[in-house]
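Here the sequence shown stands for residues 4 to 254, where the numbers follow our numbering.
It is worth saying that the hints were derived from the structure and are not from the lab.
Check the hints yourself; a few may be wrong.
Claimed, not checked - No more than 35 angstroms apart at the CA atoms, straight line, and that leaves these computed lysine-lysine pairs for DSBU-like:
no.	residue 1	residue 2
1	Lys80	Lys49
2	Lys150	Lys137
3	Lys42	Lys128
4	Lys80	Lys42
5	Lys140	Lys49
To be verified - For each label pair, taking beta carbons as the anchor points, the in silico distance ranges come out as:
no.	residue 1	residue 2	range
6	Ala106	Cys215	16 to 22 angstroms
7	Thr78	Met130	32 to 38 angstroms
8	Pro61	Gly157	28 to 34 angstroms
9	Lys65	Gly97	35 to 41 angstroms
10	Arg155	Glu39	42 to 48 angstroms
Every residue, glycine too, gets a C-beta built ideally from N, C-alpha and C.
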Amino acid sequence: MTPFSFAQTTTDEIAKYRAMLADDNPAELYEAAGEELWKKPSGPKKSTLERCNLGLGPGVLKGAAAQLPRYFSDTKKVQDLESRLMTCMYVLQGIPEKEIVNAPMQEGLKKDMDAIVAYVVAQSKGMLIHVSTKHPKEMESYDLGKKAFFYRAGPMDFACATCHSADDKRIRLQDLPNLTTPTGAAAGWGTWPAYRVSSGQFWTMAMRLTDCYRQQRFPFPIYGSEVLTALSMYMAVNANGGTMETPGLKR
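Produce the entire structure from the sequences given, and follow the hints as far as they go.
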């Protein structure tokens, strides 16, 4: 068997494995928990998130995640889903953003955030990705994300581009999407956040990117930071026209 045919067979078998699990994606449990949290009065203000504006108007969730990141006039900056939800949690519920940023991954307020993210992205499942760069700040964020994507540093002299800027790359059993192309970006961006079977956890995009930095031996980026939003912006714009398949299911 040639190396190519072996790689193709492995890819096909992983696809079959995911298909077997797809009808019962454990992310649905996170979605259900997220819906409860969305509608539950919380924080010092004892308010819900039902008036949160994710870009399409207060409380409008359908299609919102498919158009994020985007510029918000109230904060005067480009925000991705998680940073925007932190704004809503502070404004509507009185929960300081610092408390969310400092919470350990998948614990406390970040665990709540994971569930809310799962609920929100599910409302865009099957919709086309349509992220704008019309506002100057949006274009600025895209350019910063591109620079971060190709920036090489650290003890291994790695960049995001080391693994994700060419076709037909793999690491162990995992295909690595080329995030510089529309097809590859849609395959990457369009399937995260996702439930990871190997870890038994739901991973948001912030956690996915943070783990990529870990593998590059970089310092961890601050949760909700500009660089995470910019990297998301770069991937999302490249994925325009692709389909949202979130929450996804990963090995």
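Comparing the hints with the structure gives:
At most 35 angstroms may separate the alpha-carbon atoms for a hinted pair to count; Lys80 and Lys49 meet this at roughly 27 angstroms. Between the alpha carbons of Lys150 and Lys137 the distance comes to roughly 19 angstroms, so the proposed pair stays at or under 35 angstroms and holds. Of the supplied pair hints, the one linking Lys42 and Lys128 holds, its CA atoms being roughly 20 angstroms apart against a limit of 35 angstroms. As the CA atoms of Lys80 and Lys42 are separated by approximately 26 angstroms, the hinted pair is consistent with the 35 angstroms bound.
Annotation: proposed proximity of Lys140 to Lys49 holds, straight-line Cα distance about 33 angstroms (limit 35 angstroms). In this structure the hint that Ala106 and Cys215 lie 16 to 22 angstroms apart at CB holds, the actual value being about 21 angstroms. For Thr78 and Met130, the Cβ-Cβ distance of about 24 angstroms falls outside the hinted range of 32 to 38 angstroms, so the restraint is violated. About 42 angstroms separates the C-beta atoms of Pro61 and Gly157, a value inconsistent with the hinted range of 28 to 34 angstroms.
In this structure the supplied range 35 to 41 angstroms is violated for Lys65 paired with Gly97, their Cβ-Cβ distance being about 27 angstroms. Distance hint for Arg155 and Glu39: a CB-CB separation of about 43 angstroms, consistent with the stated range 42 to 48 angstroms.
In this structure, the earlier hints numbered 7, 8, 9 are contradicted, and the remaining ones agree with it.
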